[in-house]
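Trainee: The primary structure of each chain is shown beneath.
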Amino acid sequence: MPRAGGSMSDWFSAKKNRRHETVIRTGLFVCAALSVLTTGAIVYVLLSNAVYAPGDKTAFFERVTVTEFLTSTQWKPVEGDRGRFGIWPLLSGTMMVALISSLVSIPAGLGAAIYMTEYAGPRERQFLKPMLELLAGIPSVVFGFFALKFVTPWLLKPVLGLLNLDVSIFNSLSAGIVVGVMVTPLIASLSEDVIRSVPRSLREAAHALGSTKFDVSMKVVVPAALSGILASFLLAFSRAVGETMAVAIAAGGNPVMAMNPLKGSQTMTGFMVHASTGDSAADSISRMSMYAVGITLFLLTLLINLISGWILRRYREEYQ
Amino acid sequence: MSEFVDQPAVSFRQGTDTLLRRRLLNAKVFRTVCMLLTYSSLAVLGVLMGSVLWSSLSRLAPDFLTNHYSMNPVRCGILAGLWGSFWLVLLTAAMSIPIGVGSAVYLEEMAADNFLVRLIRINLSNLAGVPSIVYGILGLSAFRPLMISLQTFFDGTRAINVLGLFRVRILHLEIFDGSVLIGAMTMSLVILPIVIIASQEALRAVPSSIRVASLALGATRWQTIWRQVIPAALPGIATGVILAVSRAIGEAAPIMMIGVLTVASMCPGGIETPLQLLQDPISVIAVPFDQFTAMPVEIYDWSKQPDPQDRFTDVAAAGIVVLLGVLLIINAAAMIVRARAGRRIQW
Amino acid sequence: MTDEKSALSVPPSVQGVDRNLDTSSHSAAIDVRNLNFYYGDLQVLFDVSLKVPERSVTALIGPSGCGKSTFLRTLNRMNDLIDGTRCTGECFVESQNIMDPDVDVVLLRKHVGMVFQKSTPFPKSIFDNVAYGPRVAGERNRAVLADLVESCLRKAALWDEVSDRLHTSAMALSGGQQQRLCIARTLATQPKIILMDEPASALDPASTDRIENLIGELCASYTIVIVTHNMQQASRVSHQTAFFFKGRLVEVGPTMKIFTSPGEKRTEDYITGRFG
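Chains as they are written, first to last, in the working numbering: chain X, 1 to 320; chain B, 1001 to 1347; chain R, 2001 to 2276.
Bound conformation, chain X alone:
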């Protein structure tokens, strides 16, 4: 229907415009939907190689029982009778590195977040924020190098040597420390956002009750922001669990039940790099086991991220 005052050609061009827009809209929707497709593809690839393989391939769990995978404490991904496929050595290696990293990143990240929100002046903050971003931008492989060539020989060996402790060249401690440094900026910036979102009125009220700056920070602001801060810890932990290159370089490749942080261990990610770079055939058990490890890693990080996201959402609702 022609609009009042408009000619027919106007109307046609408007119609053409609309069709044009529908095409663009659809195209952009496809772009956005691609991310869902990616997730679907990841899940399909992991499942089809680990759980149930279509066609003539044999999936990992068609050769190895889930019970063995979850209960055995040995990891020897080789063909034949000597093969042992318990996830625990890799899982414990991963957890050890991630826990050590948390011991580094939680105090450093939270301290930095509190310092930047509560103490640093605007100019100091303008210096600190880009510096932390710079730290966050350093590639993982560089941290691996730093752990192997500096932290272990120049820091751990001399210091722990004084205590008569024997530090291996490859060890979980150095890997954990550098991963901790790596994820510190993540905790710092997420916690900073959360702490900053605590209303100013709450701080003023605390001051008005005769609080010192320490009381305001640690007894009012941080407790008020606690759930959000917790979410940032979890996110950093999940990042540490998925961290690959630094760990593959520094922790070594020995899949043992890791109990000693001064010895080498292998993490899930470390094993995956190892398995994919070896020359084993595509359908060898070593290759296939990579998918089982991959699915464990995927589920573990997804779970932690979901919990963290849930906490963060609830926190935001509280202050809006």
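Warning: the hint list may mix true and false statements.
Under 10 Å between C-beta atoms, here's a sample of chain X residues computed to sit facing chain R [to be verified]:
#1 Val-30
#2 Pro-199
#3 Leu-202
#4 His-207
#5 Ala-208
#6 Thr-212
#7 Lys-219
#8 Val-220
#9 Pro-223
#10 Asp-283
Hints are computed from structural coordinates only; laboratory data are not their basis.
Backbone N, C-alpha and C define an ideal beta-carbon position, used for all residues, glycine too.
For chain X, the structure is supplied; the task is to place chains B and R on it using the hints.
Mentor: Chains B and R only, in chain X's frame:
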């Protein structure tokens, strides 16, 4: 509670209350601890840079940039990784930027709030947390078979009819395992969530008054987005996208999975100097399908070299200096974009 | 009564407030002399001098941006928290100039409590909110804290409503209850002076009423300075009223006098609603 008059005289002078003196000391200690924690992270950054630079000095020479891999650490260079990373990032950017910015525009400007869109949003935030090595598995298991079937198409024996007029022979292309294209496709998936989220933030920063004003003047939704919103958000998008793409330069895990070369004495397409690229631009066609290595992969390999005298340590350190140098240049570019845009546009 | 002679209608006061009280016989709890205040280069208070008699209510009134809130916040040095502020002049509390650099603001704020416009309960339990002040000041004894919490909640007329759920979150209370909780929390630090920055402006009429009555009760033992936009409220709850305009103290006097026969034309114009 006691009455007003019964109270002893109050003093507000500092130091009159011993308990408070202790509390204030606590506060001071706490502040110092927080400060030390903050600066210790930066100190680690300094030590890292310092030790890498120190260790790299013995190998950091112009020929490090122009030499190939060598068993002899003194002659070992990063040329293959430099070109490999260059092509990888170029292709990654070419794929991830249009898709990423497009997704962001859709989600921020066009999407209705229905189930599917909410699914995309939730999925996106979770995808950003998936470890990059998992994308490597996807590349290894999905993209490589794809390339193998492509290889059978480009085997040089086929031809197609164009409108029944010409018969065009399909050229023979050698598609290698672990090619630049597979690497870039994998890497695109890794950085896509970051590109999308950064672009979304830039679009969100554009005040809605601009949209309303444009729509009120009779522009259609798309005209508004294309002519007003995107230009206004462009500096923000550019900054975010540059930083996301720079992630792709430092990432090694996903491309390790797809079977990238760890020891390489060749550059993709055989292009070793920019001059060569100018003289024979056609050789670029072979680049995406060629094997490659990348700087972080080489650094990984050098760090792990079992060399009794640790001579490859210096090579790895020199590689890191080059890698960090490249990243620094890119980050500086992003900062300049941000600073210039900040001066021009002020809401 | 002066009420009858006046053209202005003044509402009845709340219980416990005598608006004709001759406050000159009271000693001053706060004595401000020649106070100037600056945000950066912008001067917002000009040469303000004001005496606040002890155990009475002083209302600060005036149009938005007249500096009354800023003035209130200088009385416990709350403005110290804002960067780039500067203050000259003197302000005596307990015969000490609180503007002195060697005054400890923590001690001062324990003595001079403050209640804000927006209720600001901490996201903790009701008990922990009230016990916050004594706890940071070093009180650890649970029995002492419990007694203190009860007495403060009683004084704030909140005890009956919350005594059975002291350990539930304070965020679940209604707006009016939250504000009374904030008053209780302030009382728990055992101040002598309480500053109130529009304490009822965000509340419904019933809650406002309760807060006003509470002020009437508290002024028997505390010195209260209250900033309010609500002229009726000022006239109901205060002994003394100070009118601020454009950063200057225009007039101060017994509330009844200010509301019935103000000495200044501007005061009268403001009170009768000709501007503001």
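Trainee: Work down the list of hints and note, for each, if the structure agrees.
Mentor: A quick look at each hint next to the structure:
1. Taken as an interface hint, Val-30(X) does not check out: its beta carbon lies about 44 Å from the nearest beta carbon of chain R, beyond 10 Å.
2. A cut of 10 Å between beta carbons decides the hint on Pro-199(X): the least distance to chain R is about 7 Å, and the hint holds.
3. The interface hint given for Leu-202(X) is met, as the beta carbon of that residue sits about 5 Å from the closest beta carbon of chain R, less than 10 Å.
4. For His-207(X), the shortest C-beta to C-beta distance to chain R is roughly 6 Å, which falls under 10 Å, so the interface hint holds.
5. The beta carbon of Ala-208(X) is positioned within 10 Å of a beta carbon in chain R (closest approach about 4 Å), and the interface hint is therefore held.
6. Annotation: Thr-212(X) was flagged as interfacial toward chain R, and the flag holds, the nearest CB pair being 6 Å apart, inside 10 Å.
7. Because the beta carbon of Lys-219(X) sits about 6 Å from the nearest beta carbon in chain R, less than 10 Å, this interface hint is met.
8. A distance limit of 10 Å between C-beta atoms decides the matter here; for Val-220(X) the minimum to chain R is near 6 Å, and the interface restraint holds.
9. Evaluation of the Pro-223(X) hint against chain R yields a held restraint, the C-beta minimum of about 7 Å falling below 10 Å.
10. Violation of the interface hint for Asp-283(X) is found here, the shortest Cβ-Cβ separation to chain R being roughly 56 Å, above the 10 Å cut-off.
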